[in-house]
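Participant: Start from the sequences, fold in the hints, and give me the full structure.
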Amino acid sequence: VIITLLSDFGTRDAYVGIMKGVILKIAPAVRLVDLTHGVPPQDVVTGALLLRSAVRYFSSETIHVAVVDPGVGSARDPLVVVTESGILVGPDNGLLHPAASAMGRREVRRIEREELFVQPLSRTFHGRDVFAPAAAHLALGMGPEDLGPLLAELQPLELPEPRVGAGEVAGEVIHVDHFGNLVTSISSAVLAEIGTSETVVVVGTGHEVPLVGSYADVAPGAPLAVVGSWDQVEVAVRNGSAARELDAGVGTPVLVRTRGKVMRSQDEEIGRD
Amino acid sequence: VIITLLSDFGTRDAYVGIMKGVILKIAPAVRLVDLTHGVPPQDVVTGALLLRSAVRYFSSETIHVAVVDPGVGSARDPLVVVTESGILVGPDNGLLHPAASAMGRREVRRIEREELFVQPLSRTFHGRDVFAPAAAHLALGMGPEDLGPLLAELQPLELPEPRVGAGEVAGEVIHVDHFGNLVTSISSAVLAEIGTSETVVVVGTGHEVPLVGSYADVAPGAPLAVVGSWDQVEVAVRNGSAARELDAGVGTPVLVRTRGKVMRSQDEEIGRD
Amino acid sequence: VIITLLSDFGTRDAYVGIMKGVILKIAPAVRLVDLTHGVPPQDVVTGALLLRSAVRYFSSETIHVAVVDPGVGSARDPLVVVTESGILVGPDNGLLHPAASAMGRREVRRIEREELFVQPLSRTFHGRDVFAPAAAHLALGMGPEDLGPLLAELQPLELPEPRVGAGEVAGEVIHVDHFGNLVTSISSAVLAEIGTSETVVVVGTGHEVPLVGSYADVAPGAPLAVVGSWDQVEVAVRNGSAARELDAGVGTPVLVRTRGKVMRSQDEEIGRD
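Chains as they are written, first to last, in the numbering used here: chain A, 1 to 273; chain B, 1 to 273; chain C, 1 to 273.
Certain hints may be false.
Stated by the list, open to error - With a straight-line Cα cutoff of 16 angstroms, these simulated EDC-like cross-link-like pairs (lysine to aspartate or glutamate) come out:
no. : chain 1 : residue 1 : chain 2 : residue 2
1   : B       : Lys25     : C       : Glu61
2   : A       : Lys25     : B       : Glu61
3   : C       : Lys25     : A       : Glu61
No lab work stands behind these hints, which were simulated from the structure alone.
Every value quoted in this text rests on a predicted model; they were computed, and no experiment measured them.
Facilitator: In structure tokens form, the structure reads like this:
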């Protein structure tokens with residue numbers, strides 16, 4: 001059994017190592033894989049997007065523990081979510097919702113089997129005290145029903161949805177990756193609705209970049225858009241940082257439009273249907 | 001058997017991966033867990049504190065290798081320390097001392113079985129050449145007595161101790177974590193001596209923050225103190241960085257005092273006993 | 001079987017975790033070791049140097065996957081390189097060349113067994129879609145000949161070579177590590193050609209530092225040169241950063257010369273051969 005870990009804990013401290021110690025003390029044979037611990041502090045949306053982007057590549061035997069938990073110690077519920085393609089463990093603050101939907105959610109339970117928790121239970125580190133032991137016991141074969149009662153729902157997360165118009169899609173940057181690539185809210189499926197030939201992508205108010213097949217289709221230093229590894233439209237600068245060179249970040253508007261559309265729009269929007 | 005690794009090597013280079021290669025070549029079945037490699041360069045005290053904070057969460061079968069080693073290549077001894085709850089391997093410069101005390105120290109040995117070392121033995125990377133192979137052989141079942149002779153002592157580490165007065169404890173910040181939380185030298189046990197009701201915490205010369213139960217007990221952006229996951233008093237800003245917002249760092253004085261004490265102190269210290 | 005991973009993916013995203021998911025889905029029993037994911041973006045030379053520095057410490061059963069791949073999606077070949085001391089997997093852009101030479105290259109093959117790839121095959125993330133599944137199938141026992149046809153060559157990488165003169169060697173900084181140590185192009189073997197007694201090292205235009213045996217041979221804060229853990233001449237500042245304090249970086253010239261040579265050179269180069 002694999003347990004993956006995702007958090008905003010960073011790697012300067014021993015917090016991640018401590019969670020692994022708790023897990024391995026209970027379930028010594030489990031395989032541990034770090035998804036990332038570089039989620040910006042308390043950034044539930046980024047954590048949720050990264051989690052959703054990763055889960056599909058793991059077997060359905062996998063238990064994914066995700067901890068971005070600004071409400072730790074408050075009344076927010078600790079959850080286990082059983083899906084068709086794996087199990088999710090983490091706080092009920094929206095973090096698990098996009099992944100749960102993508103994975104085929106089956107049931108949601110509140111973790112309340114307190115005798116499994118690390119004692120004394122802290123009010124600041126449930127990754128260690130609640131989620132790690134819950135995941136470890138699931139890995140050992142404990143049924144989710146032994147962790148706590150069913151809940152009707154888990155807290156949703158509002159993610160930016162692209163708006164499709166005639167010959168264009170309006171979206172925004174949802175993640176800036178390590179390379180400075182701008183992952184947008186516009187999926188390849190939405191892109192297909194307007195067709196991808198003769199398409200340009202406008203970032204923010206000014207930059208117009210071509211939609212191409214791969215980074216190598218433009219010259220080094222030139223901007224481009226591709227359907228990237230998230231299966232979303234992604235804006236990049238070849239061998240450079242689009243975030244820096246296009247001065248963009250999470251929330252920057254991104255418009256995908258057909259070249260014809262551009263001409264009409266330059267024509268003072270005459271004939272816009 | 002688990003081997004944990006803690007160092008100041010960072011993750012930009014292949015140093016940590018190389019140590020793992022050396023270990024796995026000798027002991028292919030061992031489990032490896034990174035505690036952290038983000039100890040600030042040559043910062044033995046931070047390394048020692050992080051190591052001590054983590055070891056209690058691992059089984060007593062675990063071998064902890066810690067390398068923050070500014071004296072590498074000099075006469076400082078390479079050590080194996082056997083304790084009631086695991087084995088420590090690393091340089092004799094104070095790094096292992098706090099963990100060894102917390103774990104119930106049994107015996108200290110100088111590693112001098114040179115035929116086990118990676119050859120040619122470097123004078124700059126004993127993590128790879130001395131500590132990794134020593135730990136790997138211990139994991140395979142070699143007895144500590146086969147690594148070298150008993151030593152009477154290991155080098156101590158001077159850690160800041162809080163001073164308890166009437167209705168107050170004076171300590172300092174000993175670690176700033178990834179979130180900017182300020183971990184102090186004041187443990188929950190010391191705190192209990194003055195009682196925790198009506199308690200406030202003063203950071204540096206100016207900031208007075210309430211001692212609460214969890215981050216969620218104050219408004220977002222507000223400062224607070226809690227007994228944190230280290231089981232020490234910790235100063236935080238909810239969803240923010242206390243280090244930045246209170247302009248504090250390692251060594252900043254922290255005073256915990258009862259509210260009554262505050263009033264007396266405001267009253268020009270009249271009645272101070 | 002061990003699979004190591006080296007990349008420029010950083011650790012902020014889930015890219016590395018995703019590669020591990022792909023590998024473990026195919027080969028659940030494989031051991032995974034990160035060499036580093038901190039190669040500067042698109043820096044093939046640094047990636048190649050770090051890879052070469054690490055491979056010798058792993059058993060010859062190991063499969064090393066390296067992905068620094070600015071040409072992803074273009075015509076550059078995906079490779080498997082079989083050597084006497086392990087297998088290399090990665091793009092044909094020079095990244096694998098220095099390690100392949102050091103490991104005793106036997107054969108080079110183009111990976112083109114498309115039914116093994118993650119589908120739909122992206123044009124931006126072959127680490128996930130091509131290299132991870134290829135390595136996983138090799139780990140399961142697939143022969144390299146089943147991945148694709150032999151190639152005559154792999155793309156070479158031009159690395160800076162030191163120039164040996166009378167009583168001196170001229171090289172340059174090839175890597176700055178996490179500590180700010182300056183790893184140079186001058187190996188211990190080359191150094192032996194001029195002898196190491198009475199030797200000084202000049203960094204850039206101004207700084208002359210002594211060649212010593214270990215960091216501890218100089219006072220804290222003082223600069224020094226040693227034969228470091230790469231088995232190359234390395235310039236450091238004891239308990240400090242040579243990169244910062246000597247204002248040096250990759251490409252900075254470094255001259256090793258005998259003390260006699262220095263005197264001659266001070267003597268307006270009279271007698272220079």
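Participant: Would you mind marking each hint as holding or not holding in the structure?
Facilitator: Evaluation of the provided hints:
1. As the CA atoms of lysine 25 (chain B) and glutamate 61 (chain C) are separated by approximately 10 angstroms, the hinted pair is consistent with the 16 angstroms bound.
2. As the CA atoms of lysine 25 (chain A) and glutamate 61 (chain B) are separated by approximately 10 angstroms, the hinted pair is consistent with the 16 angstroms bound.
3. For the suggested pair lysine 25 (chain C) and glutamate 61 (chain A), the alpha carbons sit about 10 angstroms apart, so the restraint of at most 16 angstroms is met.
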